[in-house]
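Next come the chains, spelled out residue by residue.
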Amino acid sequence: MYKYDQYDQAIVDARVGEFRDQVKRRLAGEITEDQFKPLRLMNGLYLQLHAYMLRVAIPYGTLDSRQMRMLGHIARTYDRGYGHFTTRQNIQYNWIKLDETPDILAELATVEMHAIQTSGNCIRNISSDQFAGAAADEVADPRPWAELIRQWSTFHPEFSYLPRKFKFAVIASDEDRAAMRLHDIGIQLVNRDGILGAKVFVGGGMGRTPMIGPEIKDFVTADDLMSYLEACLRVYNRYGRRDNMYKARIKILIHELGADEYRRQVEEEFAQVKLLGIDPPAAELARITAMFADPGFDPAASDDIDRSDPEFAIWVDQNVKAHKQTGYAIVNISLKPVGGIPGDASADQIDVMADLAQRHSLDELRVTHAQNIVLPHVRKADLYTVWSALTDAGLASANLDLISDIIACPGLDYCSLANARSIPVAQKIATRFASPERQRDLGELKLKISGCINACGHHHAGHIGILGVDKKGVENYQLLLGGSGAEDVSLGKITGPGFSEDGIVDAIERVTDKYVAVREEGERFLDTYRRVGMESFKEAIYG
Amino acid sequence: MKLLTGNDLPTGDVIWWTGSRWSRHVADAVDVRDTGETTAATEEAARRVNGPYVIDATEGPDGPRPAHIKDRVRALGPTVRPDLTLKPDDATAIAQVI
Amino acid sequence: MDNLLRFRDDAAHEEPAVTLDAFVDGQSNATAVRIEPGDDARALIPMLDRLALVEVGFPSFRDGRGYSSARILREAGYTGELRAAGDVLVDQMPFMRRCGFDAFAPDAPIDADVLARSLDRYDHVYQRAADDAVPVWKLRHG
Chain A
1 MYKYDQYDQA IVDARVGEFR DQVKRRLAGE ITEDQFKPLR LMNGLYLQLH
51 AYMLRVAIPY GTLDSRQMRM LGHIARTYDR GYGHFTTRQN IQYNWIKLDE
101 TPDILAELAT VEMHAIQTSG NCIRNISSDQ FAGAAADEVA DPRPWAELIR
151 QWSTFHPEFS YLPRKFKFAV IASDEDRAAM RLHDIGIQLV NRDGILGAKV
201 FVGGGMGRTP MIGPEIKDFV TADDLMSYLE ACLRVYNRYG RRDNMYKARI
251 KILIHELGAD EYRRQVEEEF AQVKLLGIDP PAAELARITA MFADPGFDPA
301 ASDDIDRSDP EFAIWVDQNV KAHKQTGYAI VNISLKPVGG IPGDASADQI
351 DVMADLAQRH SLDELRVTHA QNIVLPHVRK ADLYTVWSAL TDAGLASANL
401 DLISDIIACP GLDYCSLANA RSIPVAQKIA TRFASPERQR DLGELKLKIS
451 GCINACGHHH AGHIGILGVD KKGVENYQLL LGGSGAEDVS LGKITGPGFS
501 EDGIVDAIER VTDKYVAVRE EGERFLDTYR RVGMESFKEA IYG
Chain P
1 MKLLTGNDLP TGDVIWWTGS RWSRHVADAV DVRDTGETTA ATEEAARRVN
51 GPYVIDATEG PDGPRPAHIK DRVRALGPTV RPDLTLKPDD ATAIAQVI
Chain R
1 MDNLLRFRDD AAHEEPAVTL DAFVDGQSNA TAVRIEPGDD ARALIPMLDR
51 LALVEVGFPS FRDGRGYSSA RILREAGYTG ELRAAGDVLV DQMPFMRRCG
101 FDAFAPDAPI DADVLARSLD RYDHVYQRAA DDAVPVWKLR HG
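Line order of the protein sequences matches chains A, P and R.
Residues 1 to 543, numbered by my numbering, are exactly what the first sequence covers, in order.
Residues 1 to 98, numbered by my numbering, are exactly what the second sequence covers, in order.
Residues 1 to 142, numbered by my numbering, are exactly what the third sequence covers, in order.
Just so you know, the hints here were simulated from the structure itself, not pulled from any lab data.
There may be inaccurate statements among the hints.
[Unchecked claim] Lysine-lysine pairs mimicking DSS-like chemistry, simulated, CA-CA at most 27 angstroms apart:
| # | chain 1 | residue 1 | chain 2 | residue 2 |
| --- | --- | --- | --- | --- |
| 1 | A | 471 | P | 2 |
| 2 | A | 538 | A | 514 |
| 3 | A | 514 | A | 493 |
| 4 | A | 428 | A | 514 |
| 5 | A | 165 | A | 493 |
| 6 | A | 199 | A | 165 |
| 7 | A | 428 | P | 87 |
| 8 | A | 97 | P | 87 |
| 9 | A | 380 | A | 324 |
| 10 | P | 2 | P | 87 |
| 11 | A | 514 | A | 472 |
| 12 | P | 2 | A | 472 |
| 13 | A | 428 | A | 471 |
| 14 | A | 428 | A | 538 |
| 15 | A | 428 | A | 247 |
| 16 | R | 138 | A | 274 |
| 17 | R | 138 | A | 3 |
| 18 | A | 167 | A | 199 |
No experiment lies behind these values; they were computed from the predicted model shown.
Start from the sequences and build out the full structure, keeping to the hints where you can.
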């Protein structure tokens, strides 16, 4: 994985000093909250429902054990003993103090971490495929390109006061494990006649007006990537709407201009920008790529798994995915125990995962946009040991992609933007469907809950989606069906009138009962829904 | 009734105007009637509060009860982590918020 | 213009700036023009040699369109004074300098010490912009 050189370290260290100075000036009253707010947001610090919340960046969801231990240390020392992994592969701490934040950032900087641009109207964390470097189906590891984009976007002087936030995702396979089409810019690495390049999609997003990003550029090579992205962002910075914050994302601009016109404007700008010499040389991508070389796999690693323990075998079947290297496997750690808080991990659990990564995953972990953790490079021979340790730590729920593997935003329990609580709904649904046999029978069922229209819980991309709303001061929940964030991308549709908290749980059970009643061989819930249609399910829901 | 609330600038703690100072407990909040905006401006300028605003509330048996569930959650803590709320030992606290 | 800050050796431009429309219409012999966030800076490109001052308005420090306007003008070869005017705050000035601004007319005075610290904060930058700063990738590979 990427390792800082003296330049990267100097930049992060300078940022700590800069923010320390800005906090001091804010506490002394030299700047107002209005002036300070964008500055603290660009350091990932929100003022939330109960306290300040700090969102620490985990670039493209990749970190090592040393960094993971630091995250546990931050939770213990500066917060209340836990952290929350997010749908953008970052981590959030909910009980942070402003006057301690510079110290937190200073500690993070000692392990090559930061909270730079994890909020604000600027370019945010570059997300990627959580199986990068381990999956057999990628044309190349997407993360070197993500790192190139990360550096280009960090403290970009022209694009730090955009109309709104800007999110990138980079993948390198036809299977989309990162919801790439639902990002402001989504990039898919492709191989064209032996040359590695990228397809560029612009204008995807969720929130108030969900949209799937159209393809804007069929093929761009690494040599042109920075200029091309510069042109994409410049057109947005100049022409994105600034009159209404709910219409300020790039997806609205592309929707209003049309993809063809946006493409034309970008090409016009690209022709100018290309002449400026802003593209790094090939040697820079090569330098970064070298850091993502295969991490020393053992060619003699045994390809056998002893499945004699039935609980272990169930976990293997559900949570362990195939690795490109014989003898290895990708372990998915569920942060969704039934009745737990989706995506939360205690400092102790974080330490357990760090240790397992160091001992059994070639010192690497990933955070997924589904709020789970991945150990990407585990020997099959070590799976039982890993599973036992996870079991002891409450991290062995065998529910990957099942109905209890719920994506839920923090909701009204934590977030000042929320209209309704999302976590209790997730807990009630998981509890209703607690039976592991029932969950496995229902199969792949991606359920996503957002506590408000901002859609941080990705409810538009849920096979079943739930949106919490405020109905005359009372929490109410809308039900959506048929969304997908994978390569078969689609946006969920609302079923009809909303439900109370208990009502939505019952409604979902009617949906799954209907699925079981009409499904055909091999159909996931999403497939059955797409075949039989909304009307049929509406009847089941509302009678 | 009207309550004045905001956050403590250095710590981020939720605070409530008692008439003379800021308290972390909504039970200490007073009805500011129509003086909320004025007090907010003075207190914010002195940096004794960050981002103050006025909310509606009703008189409850245990003190003021914010009218909106969001403010009740703010006043207590996350309903899903009773141990992290201001009343970790009160088994009825969360039910009262909802 | 009590708060004017300049990073140029020449004398400050005294003549008032005309609007973009007025300048482009050619009715004015003005050598100074003011562009607002919604104006197209490229409209000035055919006439850059007539200009000694381009003032870019920042009605709100959150509106980042002026940063693009500035870079576009520098990229087109404009070497005159490029002035950010309005809601210009010290914490945005380093980025503004990188985008090519060499003068500032903020509504409120800027603390000189804070400004000096801010401008001096970063030894390195990741990307090329309108200033002379050499991006890190160039230092790495020559």
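These are the hints, each one checked on the structure:
1. For the suggested pair residue 471 of chain A and residue 2 of chain P, the alpha carbons sit about 22 angstroms apart, so the restraint of at most 27 angstroms is met.
2. Taken as a hint, the residue 538 of chain A and residue 514 of chain A pair is honoured in the structure, with Cα atoms around 10 angstroms apart against an allowance of 27 angstroms.
3. Only pairs whose Cα atoms come within 27 angstroms are accepted, and residue 514 of chain A paired with residue 493 of chain A is accepted, the gap being roughly 17 angstroms.
4. Among the hinted pairs, residue 428 of chain A with residue 514 of chain A is consistent with the structure: their alpha-carbon atoms are about 20 angstroms apart, no more than 27 angstroms.
5. Proposed proximity of residue 165 of chain A and residue 493 of chain A is supported: the alpha carbons are some 25 angstroms apart, at most 27 angstroms.
6. As the CA atoms of residue 199 of chain A and residue 165 of chain A are separated by approximately 22 angstroms, the hinted pair is consistent with the 27 angstroms bound.
7. Of the supplied pair hints, the one linking residue 428 of chain A and residue 87 of chain P holds, its CA atoms being roughly 23 angstroms apart against a limit of 27 angstroms.
8. This hinted pair checks out: residue 97 of chain A and residue 87 of chain P have alpha carbons roughly 21 angstroms apart, not beyond 27 angstroms.
9. Restraint check: the Cα-Cα separation between residue 380 of chain A and residue 324 of chain A comes to about 12 angstroms, which is no more than 27 angstroms; the hinted pair holds.
10. Between the alpha carbons of residue 2 of chain P and residue 87 of chain P the distance comes to roughly 23 angstroms, so the proposed pair stays at or under 27 angstroms and holds.
11. Simply put, residue 514 of chain A and residue 472 of chain A have alpha-carbon atoms about 31 angstroms apart, too far for the 27 angstroms limit, and the pair is violated.
12. With a C-alpha separation of about 19 angstroms, the suggested pairing of residue 2 of chain P with residue 472 of chain A holds against the 27 angstroms cut-off.
13. Between residue 428 of chain A and residue 471 of chain A, the direct Cα distance comes to roughly 21 angstroms. Compliance with the 27 angstroms bound is thereby established for this hinted pair.
14. Between residue 428 of chain A and residue 538 of chain A the alpha-carbon distance is near 22 angstroms, which keeps this suggested pair within the 27 angstroms criterion.
15. Only pairs whose Cα atoms come within 27 angstroms are accepted, and residue 428 of chain A paired with residue 247 of chain A is rejected, the gap being roughly 34 angstroms.
16. Proposed proximity of residue 138 of chain R and residue 274 of chain A is supported: the alpha carbons are some 17 angstroms apart, at most 27 angstroms.
17. For the suggested pair residue 138 of chain R and residue 3 of chain A, the alpha carbons sit about 18 angstroms apart, so the restraint of at most 27 angstroms is met.
18. A threshold of 27 angstroms between alpha carbons decides the hint, and for residue 167 of chain A with residue 199 of chain A the separation of about 16 angstroms falls inside it, so the pair holds.
Violated hints, listed in ascending order, are 11 and 15; each of the other numbered hints is respected by the structure.
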